[in-house]
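Undergrad: As a plain string of letters, each chain reads:
2 protein chains.
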Amino acid sequence: MRRVAIVGAGMTKFGERWEDSFRDLILEAGMQALQSANMKGDDIDALYGGTMAAGRLIGQEHITALIADYMGLNPIPATRVEAACASGGVALRSGYLAVASGHHNNVVVGGVEKMTDVSVSDATTALGGAGDQEWELFMGATFPALYALMARRHMHEFGTTEEQMAAVSVKNHANAAKNPYAQFQKEITIEQVMKSKVVASPLKVFDCSPITDGAAAVILAPLEEAKKYTDTPIEIVASTQASDTIALHGRDSLTSLKATRIAAEKAYKTANVTVKDIDVVEVHDCFSIAEIIATEDLGFFKKGEGGKAAEEGRTALNSDISVNTSGGLKGCGHPVGATGIKQAVEVVWQLTGKAGKRQVDNAEIGMTHNVGGSGATCVVHIMKRC
Amino acid sequence: MRRVAIVGAGMTKFGERWEDSFRDLILEAGMQALQSANMKGDDIDALYGGTMAAGRLIGQEHITALIADYMGLNPIPATRVEAACASGGVALRSGYLAVASGHHNNVVVGGVEKMTDVSVSDATTALGGAGDQEWELFMGATFPALYALMARRHMHEFGTTEEQMAAVSVKNHANAAKNPYAQFQKEITIEQVMKSKVVASPLKVFDCSPITDGAAAVILAPLEEAKKYTDTPIEIVASTQASDTIALHGRDSLTSLKATRIAAEKAYKTANVTVKDIDVVEVHDCFSIAEIIATEDLGFFKKGEGGKAAEEGRTALNSDISVNTSGGLKGCGHPVGATGIKQAVEVVWQLTGKAGKRQVDNAEIGMTHNVGGSGATCVVHIMKRC
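Protein chains in written order, with the numbering used here: chain P, 30 to 415; chain B, 30 to 415.
Treat the hints with caution; some may be incorrect.
Because identical chains cannot be distinguished in the list, a pair is counted as satisfied if it fits within a single copy or across any two copies.
[As the list claims (entries may be wrong)] Here are the computed lysine to any residue pairs in the SDA-like style, where the Cα-Cα straight-line distance is at most 20 Å:
#	residue 1	residue 2
1	LYS332	MET68
2	LYS287	MET168
3	LYS298	TYR99
4	LYS287	GLU48
5	LYS256	LYS295
6	LYS287	CYS415
7	LYS298	TYR258
8	LYS305	GLY328
9	LYS256	ASP49
10	LYS386	PRO231
11	LYS383	VAL227
12	LYS287	ASP98
13	LYS224	LYS413
14	LYS295	ASP74
15	LYS69	LYS298
16	LYS295	ARG32
17	LYS383	ASP98
18	LYS207	ILE219
None of these hints come from the bench; they were simulated from the model.
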């Protein structure tokens with residue numbers, strides 16, 4: 030089993046990219062990643078791509094064939110991976126396994142979603158396919174509704190407040206305002222969140238990640254060859270994935286994601302680090318409550334104390350643990366299939382000192398946490414400066 | 030890099046399975062595969078699944094999370110792979126890489142598609158997403174139309190006739206009639222094919238694979254541990270994949286798939302065999318012309334001679350080369366994401382002497398050839414009796 034490094038990273042600006050198509054977006058991110066690795070297309074042996082719902086959003090399946098074609102990468106193997114909102118993270122893990130296995134050397138892994146070609150209502154229905162279509166979506170349980178159930182229960186069990194959830198969004202907008210690639214470039218206040226329209230009580234518009242177009246890409250190479258391409262390779266020291274019931278009603282708990290706990294535990298063990306060693310983490314905050322639950326499940330805070338920690342500023346930039354420096358899904362945007370790769374790009378930029386105004390001091394070890402659906406898939410990566 | 034074997038295989042009967050849902054189908058195939066490997070769910074470390082268009086056909090994405098849940102396999106990593114009609118083959122290759130990398134030991138790889146929940150027209154549109162949506166489907170070029178262009182050009186360049194194409198379908202129905210898992214259980218005649226309704230000239234209904242529900246699954250394990258599970262492990266001695274332009278108009282030739290040639294060449298080299306060593310092959314005959322082109326591109330016949338070979342019976346059971354003993358996509362059916370795995374199941378059954386009335390004598394080395402779209406993805410596997 031070979032050791033694997035990230036030697037290049039790139040992403041588009043996230044947002045409502047009305048004038049750019051799916052293929053424009055991935056090309057932009059892919060080319061940026063290639064250039065940052067000082068590579069040409071000929072250097073790439075295989076392509077992995079994460080997209081959730083291109084079939085329903087743009088009428089296109091077989092999207093990595095499209096990407097390989099438009100990036101001029103034929104005839105390399107091109108493989109699409111899908112795990113709902115965790116599509117990017119699972120694609121990264123698939124690329125990682127391809128390099129680790131010795132079958133491929135240099136692999137580009139991209140994530141992309143073009144969501145604004147359909148109505149918000151159609152996008153919400155497409156996203157509902159991440160849960161159990163027959164037992165959840167068909168009955169009317171969209172994703173805001175599912176996460177509202179989790180939020181309500183977290184409030185009931187631990188006294189978490191709506192203001193604490195709002196604090197997550199306020200912090201993520203503050204980080205996004207420092208990130209030129211983020212969809213939202215302005216700060217918001219607790220009061221604004223609290224006064225925003227209710228989507229599914231207790232979740233309001235500003236507790237929810239937006240509909241976003243965007244793409245991100247990273248280049249993987251065997252660690253022993255990484256210095257050929259960059260002076261600052263980032264080793265992937267753990268790549269773990271776990272599953273749970275697809276429907277929320279099948280779980281033991283509404284306030285914790287078992288797949289996150291299992292993937293994280295395995296990741297810490299594989300990387301031989303503890304949660305205290307993590308300097309920067311991108312977690313899956315599709316809703317504000319999701320970030321609170323994630324910071325608990327990953328071990329940054331005790332179960333039930335995530336809301337309080339957010340309120341006290343312990344997850345802000347250069348605090349106890351810098352959470353979602355990119356702005357997270359809430360502030361940076363959430364082009365579903367791209368999110369898992371964007372998380373990796375942000376961590377790479379943090380660990381290589383390229384994060385500009387949102388740079389975490391002396392960041393050496395970073396983590397990404399990408400969730401599919403309401404927690405049926407979770408992927409965790411730990412990355413380290415070499 | 031570890032050597033990998035198939036230690037279990039199973040599939041549902043293919044057909045119009047009105048009373049069975051997507052989850053019923055994959056459960057049936059998966060359980061059969063597990064039982065044939067004498068394994069329980071606890072023995073499985075990871076799941077890979079191939080499905081093309083569940084989002085549009087049943088409103089469900091995130092399908093391996095669903096499968097892991099319904100098979101009782103949580104919390105193992107569960108990854109969906111998609112490459113249009115090559116989804117199954119690419120999933121098999123992904124599972125192969127996961128075992129070869131040493132990250133997972135026993136892996137179940139499934140393929141499934143539930144196509145009859147929507148109209149044939151909606152299914153055809155969904156399948157159109159395998160090509161270039163913007164430049165082909167949007168302009169009205171469905172898949173029968175694209176393959177009709179290829180057929181017409183093959184006739185023009187090489188004198189291939191409609192009767193030769195019909196001979197492919199006749200042979201595949203003959204094989205299907207010997208396969209209890211096949212959608213079609215009766216033989217047809219050249220005359221019947223020639224008189225069937227034109228879909229896209231020169232292709233008629235009986236030149237086209239049908240709309241099918243079905244699922245198939247195989248279990249992979251490291252070769253050195255394979256005998257723990259079965260007396261007849263089948264080693265995967267080559268697993269190769271290549272890409273080409275997604276749109277037909279981007280290619281040098283309409284009568285040859287470059288991705289097939291590249292994947293096949295690499296497969297023969299990796300497995301250290303020649304085309305003469307192959308005893309049985311499942312090729313991707315989504316249309317009769319596709320089988321003719323495939324048998325040429327894989328090297329069984331010279332370019333332009335595939336039609337004549339089919340007409341002369343050189344691809345029939347126990348002839349020069351036994352092609353599509355399962356009945357192929359035409360006779361056995363084509364539940365898109367399941368097809369690549371079904372091909373592997375058929376080859377495993379042939380190599381282990383379990384193919385009943387359609388058994389090829391002394392089959393030792395087999396091959397599968399799975400194509401996505403009009404040839405933008407091609408996956409080739411070579412398998413060998415241990």
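Undergrad: It remains to establish, for every hint, whether it holds in the given structure.
TA: Results of checking the hints against the structure:
Taking the shortest alpha-carbon separations for LYS332 and MET68, neither the intra-copy value of 44 Å nor the inter-copy value of 37 Å comes in at or below 20 Å. When the C-alpha separation of LYS287 and MET168 is checked against a cutoff of 20 Å, the pair qualifies neither within a copy, at 24 Å, nor between copies, at 47 Å. Taking CA atoms no more than 20 Å apart as the test, LYS298 paired with TYR99 passes in neither setting, with 40 Å inside one copy and 29 Å between copies. Taking the shortest Cα distances, LYS287 and GLU48 never come within 20 Å of each other, neither inside one copy (40 Å) nor across copies (33 Å).
Taking the closest pair of Cα atoms, LYS256 and LYS295 never come within 20 Å of each other, the shortest separation being 28 Å inside a single copy and 29 Å across copies. Taking CA atoms no more than 20 Å apart as the test, LYS287 paired with CYS415 passes in neither setting, with 31 Å inside one copy and 40 Å between copies. For the identical chains of this complex, LYS298 and TYR258 are neighbours neither inside a copy (29 Å) nor across copies (30 Å), given an alpha-carbon limit of 20 Å. For the homomeric pair LYS305 and GLY328, the shortest alpha-carbon distance inside one copy (9 Å) is at most 20 Å, but the shortest distance between copies (58 Å) is not.
In this assembly of identical chains, the alpha carbons of LYS256 and ASP49 never lie at most 20 Å apart, being 34 Å within a copy and 54 Å across copies at closest. Taking the shortest Cα distances, LYS386 and PRO231 never come within 20 Å of each other, neither inside one copy (33 Å) nor across copies (63 Å). Proximity of LYS383 and VAL227 under a CA criterion of 20 Å is satisfied in neither setting, with 37 Å inside one chain copy and 60 Å between copies. Proximity of LYS287 to ASP98 under the C-alpha cut-off of 20 Å is restricted to the inter-copy arrangement: shortest distance 13 Å between copies versus 39 Å within a copy.
Neither within a single protomer nor between protomers do LYS224 and LYS413 lie at most 20 Å apart by alpha-carbon distance, with minima of 41 Å and 66 Å respectively. Taking CA atoms no more than 20 Å apart as the test, LYS295 paired with ASP74 passes between copies only; the shortest distance there is 14 Å, against 29 Å inside one copy. Neither within a single protomer nor between protomers do LYS69 and LYS298 lie at most 20 Å apart by alpha-carbon distance, with minima of 36 Å and 26 Å respectively. For the identical chains of this complex, LYS295 and ARG32 are intra-copy neighbours only, at 17 Å inside a copy versus 25 Å across copies, given an alpha-carbon limit of 20 Å.
Neither within a single protomer nor between protomers do LYS383 and ASP98 lie at most 20 Å apart by alpha-carbon distance, with minima of 30 Å and 41 Å respectively. Taking CA atoms no more than 20 Å apart as the test, LYS207 paired with ILE219 passes inside one copy only; the shortest distance there is 19 Å, against 70 Å between copies.
Checked against the numbered hints given earlier, the structure breaks hints 1, 2, 3, 4, 5, 6, 7, 9, 10, 11, 13, 15 and 17 and satisfies all the rest.
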